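Asks: Sequence:
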Amino acid sequence: MAGLKEVRERIKSVKSTQQITKAMKLVSASKLRKAQDRIVKMRPYSAKLQEVLSNIMANVDASELNLSYNIERPNNRVLIVIVSSDRGLCGGFNSNLIKQAKTLINETYASQVKAGAVTVMPIGKKGYDAFKRNEKLEFNTTYVSLFQNLNVESACKAADEIMNALSGKEFDKVEVVFSEFKNAATQIFQTNQFLPVPKPSKSTSKSNAKSDYLFEPDKTKLLMELVPKILKTSFYRFLLDTNASEHGARMVAMDNATNNADDLIKRLNIEYNKARQAAITNQIMEIVGGAAALEG
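Counting in our numbering, the sequence shown runs from 6 upward without gaps.
Source of the hints: derived by calculation from the structure; they are not laboratory data. Just so we're clear, the structure is a prediction, and the values are computed from it rather than from any experiment. It cannot be assumed that every hint is accurate.
[Stated by the list, open to error] Restraint ranges, calculated between C-beta atoms of paired labels, are given here:
1) LYS107 - MET229: 32 to 40 Å
2) GLU11 - GLY121: 54 to 62 Å
3) LYS137 - MET47: 29 to 37 Å
4) ARG281 - ARG48: 51 to 59 Å
5) PRO203 - ILE275: 35 to 43 Å
6) GLU230 - ASN264: 20 to 28 Å
7) GLU300 - THR22: 45 to 53 Å
8) GLY121 - GLU14: 52 to 60 Å
[Claimed, not checked] Simulated pairs of lysine to aspartate or glutamate, EDC-like, Cα-Cα distance not exceeding 16 Å:
9) LYS20 - ASP267
10) LYS17 - ASP268
11) LYS27 - ASP267
12) LYS178 - GLU143
13) LYS20 - ASP268
14) LYS107 - GLU158
15) LYS237 - ASP223
16) LYS17 - ASP267
17) LYS237 - GLU140
Backbone N, C-alpha and C fix where the C-beta goes; we use that ideal spot for every residue, glycine too.
Sequences are here, hints too, so could you generate the full structure?
Replies: Here it is in structure tokens:
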């Protein structure tokens, strides 16, 4: 009977956990629909702006305009922005993202790490928790909790600080580690060079080699206003992509957990029925044995 009670308690516990995972799946599905809608609408706009930016910067003399966003310098000081999530329970989402960041830091910028010239800007608590004990890295934790109030204004504020740091020569290069949203079950973990603005690929530059841009009303005024806005839009896209990826990963993880709970409940029910049948059989045998002893 003690065994039966234990199995009943386990079944009750698993069913309680299953209710929680079902609820979390529904919540994540609701958040995913909103996040997916935002990034699907944003991505084509951002991609086209980035293409325009790369082509303009490749055809314009930045020093002439006092712009520093496409001036390449030796990578003496590097800023790495790690865009992760605030919470767990989303499968391997954060671990894969952190693995991507560690590869970038330990392999691509190993010499800068030794020199203490790598600064990490975590956006999301999981990214900060993964690196905060690394004494060789410097940290900018201003925007760790940015996802608690994710909007255009907060994203632009973070992008402004990064761009001003590059302009002030605090950093020579800025890389962003984020997750590109493909669908609920698939996230593509990427490293993107945010600043200085990457030059177009050879095929793109060949097709735009003879580009002759007409600027109205004034080239300097227009680019001083346009370039920062395009960069802020690109940075906002990194955040929206990662946000949608997180909700998709959590929805899939909670769906898998719910299905696993179903399988476990089935196995426990079989185990409970077998134990109950064995207990009933033993009781019948004891009754029959007692009756036979009385007759004898």
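Asks: Give a verdict on every hint.
Replies: To see whether the hints hold, each was checked on the structure:
| no. | hint | in the structure |
| --- | --- | --- |
| 1 | LYS107 - MET229: 32 to 40 Å | 37 Å, holds |
| 2 | GLU11 - GLY121: 54 to 62 Å | 56 Å, holds |
| 3 | LYS137 - MET47: 29 to 37 Å | 31 Å, holds |
| 4 | ARG281 - ARG48: 51 to 59 Å | 57 Å, holds |
| 5 | PRO203 - ILE275: 35 to 43 Å | 59 Å, violated |
| 6 | GLU230 - ASN264: 20 to 28 Å | 52 Å, violated |
| 7 | GLU300 - THR22: 45 to 53 Å | 52 Å, holds |
| 8 | GLY121 - GLU14: 52 to 60 Å | 54 Å, holds |
| 9 | LYS20 - ASP267 | 8 Å, holds |
| 10 | LYS17 - ASP268 | 14 Å, holds |
| 11 | LYS27 - ASP267 | 11 Å, holds |
| 12 | LYS178 - GLU143 | 15 Å, holds |
| 13 | LYS20 - ASP268 | 11 Å, holds |
| 14 | LYS107 - GLU158 | 29 Å, violated |
| 15 | LYS237 - ASP223 | 22 Å, violated |
| 16 | LYS17 - ASP267 | 12 Å, holds |
| 17 | LYS237 - GLU140 | 30 Å, violated |
Checked against the numbered hints above, the structure violates hints 5, 6, 14, 15, 17; every other hint is satisfied.
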